[in-house]
Amino acid sequence: MMTTTNIGGLYVGRLLVGASNGLYTTFAQVYIQECSPPRYRGLLIGLYSTWASAGILVGSIVDNYTKALPGIHAYLIPLGIVYIIPGFLSISLFLIPESPRWLLQHEKAAKARKSVEWLNPYPELVNQEISIIQATLDSESNLAQSTEIVDMWKNPVDRRRTLLSVGAVTLLAATGSMYMLMYSTYFFEMAKIGSPFENTCIYTGIGVLATIINNMVITRFGRRRVMLMTGMVCCGICQLVLASTYTASPGTTTTGKVIVAFAVLQIVSFNGMLSTYALLCGGEFPSQRLRSYTLGIASCVTFLGAWLTTFTAPYFINPDALNWGPKYGYIWFPICLVGAAWAWLYLPEVKGRSFEEIDEMFEAHVPSRKFRGYRCVGIASVALVGEEEKTKDEAQVSHEEVGSCEEKIVG
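All the letters of the sequence shown, read from the start, carry residue numbers 1 to 411 under my numbering.
Be aware that one or more of the hints could be misleading.
[To be verified] DEER-style ranges, computed between Cβ atoms:
hint: 1; residue 1: R369; residue 2: T219; range: 32 to 40 Å
hint: 2; residue 1: V12; residue 2: S249; range: 31 to 39 Å
hint: 3; residue 1: H73; residue 2: R160; range: 47 to 55 Å
hint: 4; residue 1: I7; residue 2: E148; range: 36 to 44 Å
hint: 5; residue 1: H106; residue 2: G71; range: 25 to 33 Å
[What the hints assert, rightly or not] Taking lysine to aspartate or glutamate pairs in the EDC-like style, the calculated list, with each CA pair at most 16 Å apart, reads:
hint: 6; residue 1: K111; residue 2: E129
hint: 7; residue 1: K114; residue 2: E129
hint: 8; residue 1: K108; residue 2: E148
hint: 9; residue 1: K67; residue 2: E198
hint: 10; residue 1: K370; residue 2: E349
hint: 11; residue 1: K154; residue 2: D138
hint: 12; residue 1: K108; residue 2: E98
hint: 13; residue 1: K370; residue 2: E357
hint: 14; residue 1: K154; residue 2: E357
hint: 15; residue 1: K257; residue 2: E189
In case anyone wonders, no lab produced these hints; they're calculated from the structure.
Using N, Cα and C, we set each Cβ at its ideal position, and we do this for glycine too.
Whenever a hint applies, use it, and build me the whole structure from the sequences.
Structural data, given as structure tokens:
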């Protein structure tokens, strides 16, 4: 993209960036979730969100100061700084171990032990952690022999976990916040308060600050409660206020101030109280053998929803189209409420649970509303009960077949 002057070359560059971003967003989250202790899993995914938001902020600031440069430097500098952080990360990846769960899943026990020893600060707990992970993998292999992408939909348990994961991450697109994030400069221009692009940089910075504050409290709150009460509902209210205010008094200074105020509240709700929890649930619900597949599909659906939102938004908000402006929020307000209701009814609470405990609760068919108070006994025990029930069913079928045969013989 830095060297070409052909539009086709730019499209190829964007395609490569998109593919790379898809790999990064999926596997970075999978790695973080698999390697972090249960109590700090939310915090570490929060740090992932923080750095992602910080990258957007840095990019916005650089764009703001290079837009006035003459010649090609106006775009060469923003594209050039992209090499800095990925270059550092590419080197540092050689210094950290592979996920122990992935290593055990692929029968690399010695490397898995070294990985756990590197990650776990308590040497006396290494054997116990490896034994628990191995027992869970063995139970999963007994319940499902294959590990293919279609397995996400075959087994009722895996299908439930897939739908919950995809649904949780899709809540990000369901808020409609993407159009406000992408077209914030346009709305600040409409508000006629200060410099629109500089206001966008401040707006992004507030989002980063909200994510940092969220990291300080994320270990104290449950996933479902926060996503429902302070995420989807707050985003929905912001959408409704923006739409109704603009409907009542379009183009006034007071309306402009309201747009700015509730746009800020929306980014605070989205970055500070929703995005991290949605990503967290997307990686917590899938089984070990299908986590990368499931989170990949969830990320794909979310990107598709975000693209659909930002692609269609101009047809609603532009003056030469439907000319709705902020009234576009009328569409997203009820969608936010539906998303909140779905989270309340179907989203299990898995705060502080290990992946092994989460596996057990799903295999035991625990209702979503009872996850929080469930006392785990070990997934191996659940699998054993399942095998016993299966044996009883087979014995019952066999007995009925014998009885049927006896009747035919007597007849």
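Now for the hints, and whether the structure bears them out:
Look at R369 against T219: about 22 Å separates their beta carbons, and that is not inside 32 to 40 Å. Between V12 and S249 the beta carbon distance is about 47 Å. The supplied range of 31 to 39 Å is therefore violated. Against the hinted window of 47 to 55 Å, the Cβ-Cβ separation of H73 and R160 comes to about 53 Å, which satisfies the hint. The supplied range of 36 to 44 Å is met by I7 and E148, whose beta-carbon atoms lie about 39 Å from each other.
Separated by about 51 Å at the C-beta atoms, H106 and G71 break the suggested range of 25 to 33 Å. Restraint check for K111 and E129: the C-alpha separation of about 14 Å stays at or below 16 Å, so the hint holds. Of the supplied pair hints, the one linking K114 and E129 holds, its CA atoms being roughly 12 Å apart against a limit of 16 Å. For the suggested pair K108 and E148, the alpha carbons sit about 20 Å apart, so the restraint of at most 16 Å is broken.
Proposed proximity of K67 and E198 is supported: the alpha carbons are some 12 Å apart, at most 16 Å. Of the supplied pair hints, the one linking K370 and E349 holds, its CA atoms being roughly 8 Å apart against a limit of 16 Å. In summary, the hint linking K154 to D138 is not supported, as the alpha carbons are separated by about 19 Å, beyond the 16 Å threshold. Restraint check for K108 and E98: satisfied, since their Cα atoms lie roughly 11 Å apart, inside the 16 Å limit.
Restraint check for K370 and E357: satisfied, since their Cα atoms lie roughly 14 Å apart, inside the 16 Å limit. Restraint check: the Cα-Cα separation between K154 and E357 comes to about 22 Å, which exceeds 16 Å; the hinted pair is violated. Straight-line distance between C-alpha atoms of K257 and E189 comes to about 12 Å, which keeps the hinted pair within the 16 Å bound.
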